[in-house]
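Student: Put chain B on the given structure of chain A with help from the hints.
Protein chains: 2
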Amino acid sequence: MTMAKRDTYTPESLLAVAVEVFNERGYDGTSMEHLSRAAGISKSSIYHHVKGKEELLRLAISRALDGLFGILQEPASLDGRAIERLEHVARRTAEVLMEELPYVTLLLRVRGNTDTERWAMERRREFDHQVAELLKRAAADGDLRSDVDARLATRLLFGMINSIVEWYRPGRGGAATSQEVAEAVVRTAFAGLRTQR
Amino acid sequence: MTMAKRDTYTPESLLAVAVEVFNERGYDGTSMEHLSRAAGISKSSIYHHVKGKEELLRLAISRALDGLFGILQEPASLDGRAIERLEHVARRTAEVLMEELPYVTLLLRVRGNTDTERWAMERRREFDHQVAELLKRAAADGDLRSDVDARLATRLLFGMINSIVEWYRPGRGGAATSQEVAEAVVRTAFAGLRTQR
Chain A
1 MTMAKRDTYT PESLLAVAVE VFNERGYDGT SMEHLSRAAG ISKSSIYHHV
51 KGKEELLRLA ISRALDGLFG ILQEPASLDG RAIERLEHVA RRTAEVLMEE
101 LPYVTLLLRV RGNTDTERWA MERRREFDHQ VAELLKRAAA DGDLRSDVDA
151 RLATRLLFGM INSIVEWYRP GRGGAATSQE VAEAVVRTAF AGLRTQR
Chain B
1 MTMAKRDTYT PESLLAVAVE VFNERGYDGT SMEHLSRAAG ISKSSIYHHV
51 KGKEELLRLA ISRALDGLFG ILQEPASLDG RAIERLEHVA RRTAEVLMEE
101 LPYVTLLLRV RGNTDTERWA MERRREFDHQ VAELLKRAAA DGDLRSDVDA
151 RLATRLLFGM INSIVEWYRP GRGGAATSQE VAEAVVRTAF AGLRTQR
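Those sequence lines, one after another, are chains A and B.
Here the UniProt record's numbering is used: position 101 in the first sequence is 101, and no number is missing along the way.
Here the UniProt record's numbering is used: position 118 in the second sequence is 118, and no number is missing along the way.
Extracted from the complex, chain A is given alone in its bound form:
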């Protein structure tokens, strides 16, 4: 039994609760009832803040996408040699993923049953596409190894970065910080784990 508590939510704090429930139950598997129970306020209180669960999804996904697309506007993503810009984007993508962990986790898990989910997937593909372009430029500059296909390299790089959501939990004692993890990603993917001889 949960006692309904007074609604002291802001759209932002309500969003944090909703994203947690979405990630746990899946967006499809989450009802307004589940959200109401998790937030400890009535469904009508939730409707006071948002139109419904799809609006909460859109707000959450927007937060993840704003973080990711913001990276592409940073000076270090825009100026300089493509390989340096690419490394910056990879490092920052890993960092944003960890800083906005529940929001990016949700973005990575949406599968496209509603307009909002399809829009999320479309925007995610656009981000990947922009990084792939940077990768092609770095390859054209002769800064990327030519024996790994650019499309495959993009997938493996994002595969490595996105897998961080599976195990990274912020503030866990003795664990690496988001900067350390991001640095390890860049070193592994660009310079390789093996000692150079």
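Misleading hints may appear alongside valid ones.
Just a few of them, taken from the derived set where beta-carbon distance is under 8 Å, the chain A residues facing chain B [unchecked claim]:
| hint | residue |
| --- | --- |
| 1 | V17 |
| 2 | G80 |
| 3 | I83 |
| 4 | G142 |
| 5 | L144 |
| 6 | R155 |
| 7 | I164 |
| 8 | A191 |
Dumping the calculated DMTMM-like pairs for lysine to aspartate or glutamate here, alpha-carbon to alpha-carbon at most 25 Å [said to hold, decoys possible]:
| hint | chain 1 | residue 1 | chain 2 | residue 2 |
| --- | --- | --- | --- | --- |
| 9 | B | K136 | A | E54 |
| 10 | A | K51 | B | E166 |
| 11 | A | K53 | B | D28 |
| 12 | A | K136 | B | D28 |
No wet-lab data here; the hints were simulated from the structure.
None of the values given here were measured: they were computed from a predicted structure.
The C-beta atom is built at its ideal place from N, Cα and C for all residues, glycine as well.
Tutor: For chain B alone, coordinates are given in the frame of chain A:
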């Protein structure tokens, strides 16, 4: 409406159908009714082959685990310098993942609500642990860069390999073969994407 067809299944071909349904609906979300509909045979026909869905899960997970643990017994995993053994294990893990795609996908997705799922997670951790040991040995030999923590490196390496299940579909026209993808994984993770100067 599906017409029940004559039961011409072997335990193996029934397993292939079950794994597909498990991966699509999630193991928890799959009932014997779903399996019966997908296979086009009655529930009692399924019970003729197996005790229930948990036995199907155990058989499917066993197939994935046999493939993965088999790698550790290959001569190239047992003899030679740790770094070479590690690269062999990484390449073969990627290959087995693609060759046994639905089975390994299922293994990577189980979450531990039943005894069989907990056993699967335990065995998976054991595999990761054995690879991490190899990584530590390669580090002790001075063959791995010392500025990336061994535990983190193991996670990023498996993160990259396991992410292949998200996009790899065998026999898709023009796509890379499992050997090409596995080679790209090894080159990226061990030698790095960046041209060495």
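Student: Which of the listed hints are broken here?
Tutor: 1, 2, 9, 10 and 12
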